[in-house]
Amino acid sequence: MTDRRKGSIREAAIEIRGIEKTYRIGDERVRALRGVDLRINRGEFVAIMGASGSGKSTLMNILGCLDKPTRGEYRLAGKPTHKMGAGALAKVRNEEIGFIFQSFELLGRATALKNVMLPMVYSAHHMFTAKGRAKDALTKVGLGDRMGHKPNQLSGGQRQRVAVARALVNDPAILLADEPTGNLDTKTTVEIIELFKALHDQGQTIIIVTHEEDVAGHAERIVRLRDGKIISDNKTAEDPVHRDWVEMIASGMGASSVPAPATPKEEEPAEVTP
Amino acid sequence: MTRVILAPVRLFIQTVLLALGQVWVNKVRAFLTALGIIIGTGSVIGVIGGLTGMEKFVLNTFDSAIGVRRVVIWGQVPRELRSVMSWEDAKITEAEADLLIANSETIDVLTPVCNQSLPVGYRRESRSGVSVIGVRPAWHETEDRTTILGRPIRQSDIDEKLPICLINEEAIEELRLPRDPVGENLTVDGRRFLIVGVLETKDVPEGFGGGEARTELIIPFSTSKSMNPYTSTRLDAMITSPDVAEEAKAEITAILRAARNLRGEDEDTFGMWVAQNEIGNFNAVAGVIGFIAVAVVSISLLVGGIGIMNIMLVSVSERTREIGLRKAVGAKGAVVLLQFLVEAIVLCLVGGGIGLAIGFGLVEVFRNAFDLEFASVPTWAIILSLASAASVGVIAGMFPAIKAARLDPINALRHE
Chain A
0 MTDRRKGSIR
10 EAAIEIRGIE
20 KTYRIGDERV
30 RALRGVDLRI
40 NRGEFVAIMG
50 ASGSGKSTLM
60 NILGCLDKPT
70 RGEYRLAGKP
80 THKMGAGALA
90 KVRNEEIGFI
100 FQSFELLGRA
110 TALKNVMLPM
120 VYSAHHMFTA
130 KGRAKDALTK
140 VGLGDRMGHK
150 PNQLSGGQRQ
160 RVAVARALVN
170 DPAILLADEP
180 TGNLDTKTTV
190 EIIELFKALH
200 DQGQTIIIVT
210 HEEDVAGHAE
220 RIVRLRDGKI
230 ISDNKTAEDP
240 VHRDWVEMIA
250 SGMGASSVPA
260 PATPKEEEPA
270 EVTP
Chain B
0 MTRVILAPVR
10 LFIQTVLLAL
20 GQVWVNKVRA
30 FLTALGIIIG
40 TGSVIGVIGG
50 LTGMEKFVLN
60 TFDSAIGVRR
70 VVIWGQVPRE
80 LRSVMSWEDA
90 KITEAEADLL
100 IANSETIDVL
110 TPVCNQSLPV
120 GYRRESRSGV
130 SVIGVRPAWH
140 ETEDRTTILG
150 RPIRQSDIDE
160 KLPICLINEE
170 AIEELRLPRD
180 PVGENLTVDG
190 RRFLIVGVLE
200 TKDVPEGFGG
210 GEARTELIIP
220 FSTSKSMNPY
230 TSTRLDAMIT
240 SPDVAEEAKA
250 EITAILRAAR
260 NLRGEDEDTF
270 GMWVAQNEIG
280 NFNAVAGVIG
290 FIAVAVVSIS
300 LLVGGIGIMN
310 IMLVSVSERT
320 REIGLRKAVG
330 AKGAVVLLQF
340 LVEAIVLCLV
350 GGGIGLAIGF
360 GLVEVFRNAF
370 DLEFASVPTW
380 AIILSLASAA
390 SVGVIAGMFP
400 AIKAARLDPI
410 NALRHE
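Protein chains in written order, with numbering that gives the first Met the number 0: chain A, 0 to 273; chain B, 0 to 415.
Be a bit skeptical, because a hint or two may be false.
Stated by the list, open to error - 20 Å max Cα-Cα, derived SDA-like pairs, lysine to any residue:
#, chain 1, residue 1, chain 2, residue 2
1, B, Lys-331, A, Met-83
2, A, Lys-90, B, Asp-407
3, A, Lys-113, B, Arg-318
4, A, Lys-149, B, Val-24
5, A, Lys-113, B, Pro-7
6, A, Lys-78, B, Lys-331
7, A, Lys-90, B, Lys-331
8, B, Lys-331, A, Ala-87
9, A, Lys-90, B, Leu-337
10, A, Lys-90, B, Val-8
11, A, Lys-90, B, Arg-405
12, A, Lys-130, B, Leu-17
13, A, Lys-130, B, Arg-9
14, A, Lys-149, B, Gly-20
15, A, Lys-130, B, Val-3
16, A, Lys-67, B, Asn-410
17, A, Lys-113, B, Val-8
18, A, Lys-113, B, Leu-19
19, A, Lys-130, B, Val-8
Calculated directly from the structure, the hints in this document are not laboratory data.
Here chain B stands alone, though its shape is the one from the complex:
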């Protein structure tokens, strides 16, 4: 009984070993034949590995510069209402900020932000057009920036509308402040502000608006509003997870529309930017690149497949007498078919394996030569490339294998 079950297994193992033997005997021929498969597999692995590296690089940079969970909300007059509505009517208010904090389940942290450009001076140094940003304490979380000296912005600063500020490290350079500037006073638009802390410099790549770090002052939101109540306000928020981006968008829209008594067909009087959408855009671009790469690779595999079919036909013709003998001693047509099919598949898989090694080499090159430290080959790509190599083997090997299986043993044994 055991041998009835084991016999096909043994036959299969022997067939695979025989096929490997054939490849080994015809090393050079097998290599040249499998070149199409090697190049195809190598390039698909290389492209996928490179894309993976680029994707991770972009996402990581994006996350550290902006945050994948970020949502920005601002007041905006719809195009059709420009004649009847002023931007003042659409302005985001602190009350709306508090409403969102209180009612939204998807928002993790939120701060209103208002940005002014004001002259700032210290002793004899002065700079005009310095970015002075009014925020709440939550800003430290939305920006992921803490102080390296002194203290952060506190709720009490907001409540008391205190004239205090945080500065960044560039400010120390530009305004020639002492190395520990905490306790020094700056003049901002003619008012005295006490420096209570120094922010760490955030390394933002050029592509994301960084590169040219300049002096920045962070002051309490309420203080900023008391200096100039007419500045526009935006809300910077972090949602609980990038996965709830769509939900968050709907929720925020609903809360703000209710607060603003918008109904039915009324246009939103605010705008929203969701970081996750941008990532979706990048992923779409990466997907298109990947698709084109796969299409190019398919052509390579097709050409490789034709080569495999050709060499298998040669192999069947060369080994006609052997096929005749095998049939004479009892090999059924199906077994002969399997033998040649397995040989084609083994040839393709060996090619696929070499291609895989080359692909890994390419990824290693990307990693080192092009600084794509995240370049790596995902498991699905390995499975995909080997599966497609095997499929090429099945498709290309089928016709020669059928030809071998149908050989008449009498004629095959007479073959010269």
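One chain only, chain A, in its complex shape:
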């Protein structure tokens, strides 16, 4: 059987049309996304960037089927998720999406192996092969010798690798990483980025939500959001903002001068309309 994830480059992994998202906070309506169109093909490695309040977190939640758009269409691997109920969305999350979080979100009392097996607890697929698949996934991320370790016996980088293995184990259509290196030091950041690149080379579709230019620089394509809209969508090499940043680094200003938001964790609604 051929790997369905490695389909033609023209096949869309994600297709979004006219997505809008409006929150209601008290009497105020907050428009977090105001008309977003996006297509990500299979096998692409895309970075979604944006400042606090740009709506990138809201977009990520919608891409991850954790949230539903107020208006618009979202097809994931051809499935119209905007028409689905909570149960069907849970199934889509289980089968088509591999989540990677900033703070890893591992179960503290479970071993690496058990953590990786978690998504398979909630599906009938792979029920007789769950352990083997989890072992394969851990080997793939280079933790074949750490399967019996609990998270507190692992380094930050190793923990994030366990999380990557967990994201991969159900063979998802997309890998969705939310600030995956936000809690890691420079050395382990490089490790995790290299892991993503290796997975990308194997044909895995990867979407990284980040505010770090150097992390985004490893993606093929950068999508930038501001005020709930996409303001640019370029190949990394052609992205003017990224090019400026690369030049700035090259001219010896140093990475230390790159403005890095102290608390990148959350972006709140883009705009408040009374």
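Got chain A sorted already, so can you dock chain B onto it with the hints?
Below, chain B alone, put in the same frame as chain A:
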């Protein structure tokens, strides 16, 4: 296909294991939380075990002293007829005894009994007011007493109105008889009676009229009547089974009423005492005690349930991020609900199990310290207590579980 069927089973097993793991990780907390359930279950098992012991003790004693199949019938003048009817008119006759033996299907054995209090002497010893009881041979069956020396009363003794008697062991002491008194003569109210047998002593507890064993003489019924035809007679009967008590009562009443030409509204001119009714009374008392115990235990379970609900709410709040993660990787709301519900039920069942062990310990204490040798825990009590513990788990766990199931994964993952 197999995996579609097996998947929910596997999920359930994993959920139960997860819940057991949670209880194990929070041992002290789980124990304190389940204390209400432990105490509730322990006390209900203890009370039921103790009651069962008491009930069996009372029934056994009752059966050996009186017999659960016993029915006693006597002549009795109804209150309204006291002015027009003498007690002599209501007296039970031997003919009526024979009528019942011949016609009743529920009566197993029956003997007429008449009791006199007479002076009895042997050589120089004499006692006044000795109980001299006239009976038929069936008496050995109704009383379940046989002779340890000599022979029992026989039908020929009745037919011949022989002046013979059986004595009990106390009589040997009181009248200073030889150790084997068979063949000796006693004087009863001035008449000579030949001792033909010695009865075994029946161990009757104090509560049932025993405790102070005294000299007793058993003589043939006909001999007793020939000495004094005016003594009152009662009928001692054993019915075939305690289960036919009501039937027997109706049957005996019908036979006697027909024999006495009573009709319509006429009051019965006889009285009847049915042992089974007394047992019913005891059972009613035991039932009330049991009901009160269950009510008290329910309060304990209610308090325990509140504790469980509280700790489950704490657990949901502590594990908000975990719930968020589980939902993100595809756990449906119902599965999360099941997880927390099962955890509450497991907590309650573990408490119930410990309570059960304590209850069994209590019953063991009753058995040894209070001499309730029959104290035991019936299976239904075990099932009842575990079922109620599980129900407490369902009821107390439902609200926290619904809360967990409804958590929004985005907010849950942001939870600090």
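Results of checking the hints against the structure:
1. Proposed proximity of Lys-331 of chain B and Met-83 of chain A is supported: the alpha carbons are some 14 Å apart, at most 20 Å.
2. Distance restraint check for Lys-90 of chain A and Asp-407 of chain B: the Cα-Cα separation of roughly 16 Å lies within the 20 Å cut-off, and the hinted pair is therefore satisfied.
3. Straight-line distance between C-alpha atoms of Lys-113 of chain A and Arg-318 of chain B comes to about 17 Å, which keeps the hinted pair within the 20 Å bound.
4. For the given pair, Lys-149 of chain A sits about 15 Å from Val-24 of chain B by alpha-carbon distance, which is consistent with the 20 Å threshold.
5. Proposed proximity of Lys-113 of chain A and Pro-7 of chain B is supported: the alpha carbons are some 18 Å apart, at most 20 Å.
6. Between Lys-78 of chain A and Lys-331 of chain B the alpha-carbon distance is near 19 Å, which keeps this suggested pair within the 20 Å criterion.
7. Proposed proximity of Lys-90 of chain A and Lys-331 of chain B is supported: the alpha carbons are some 8 Å apart, at most 20 Å.
8. Taken as a hint, the Lys-331 of chain B and Ala-87 of chain A pair is honoured in the structure, with Cα atoms around 9 Å apart against an allowance of 20 Å.
9. Distance restraint check for Lys-90 of chain A and Leu-337 of chain B: the Cα-Cα separation of roughly 17 Å lies within the 20 Å cut-off, and the hinted pair is therefore satisfied.
10. Note on Lys-90 of chain A and Val-8 of chain B: the hinted pairing holds, with a Cα-Cα distance of about 18 Å set against a maximum of 20 Å.
11. Under the criterion of a C-alpha separation no larger than 20 Å, the hint pairing Lys-90 of chain A with Arg-405 of chain B is consistent with the structure, at around 17 Å.
12. For the proposed pair Lys-130 of chain A and Leu-17 of chain B, the alpha carbon gap of about 17 Å is at most 20 Å, so the pair holds.
13. This hinted pair checks out: Lys-130 of chain A and Arg-9 of chain B have alpha carbons roughly 14 Å apart, not beyond 20 Å.
14. For the given pair, Lys-149 of chain A sits about 15 Å from Gly-20 of chain B by alpha-carbon distance, which is consistent with the 20 Å threshold.
15. Restraint check for Lys-130 of chain A and Val-3 of chain B: satisfied, since their Cα atoms lie roughly 18 Å apart, inside the 20 Å limit.
16. Note on Lys-67 of chain A and Asn-410 of chain B: the hinted pairing holds, with a Cα-Cα distance of about 14 Å set against a maximum of 20 Å.
17. At most 20 Å may separate the alpha-carbon atoms for a hinted pair to count; Lys-113 of chain A and Val-8 of chain B meet this at roughly 18 Å.
18. Between Lys-113 of chain A and Leu-19 of chain B the alpha-carbon distance is near 16 Å, which keeps this suggested pair within the 20 Å criterion.
19. Between Lys-130 of chain A and Val-8 of chain B the CA atoms are separated by roughly 17 Å; this keeps the pair inside 20 Å, and the hint holds.
Of the numbered hints listed earlier, not one is contradicted by the structure.
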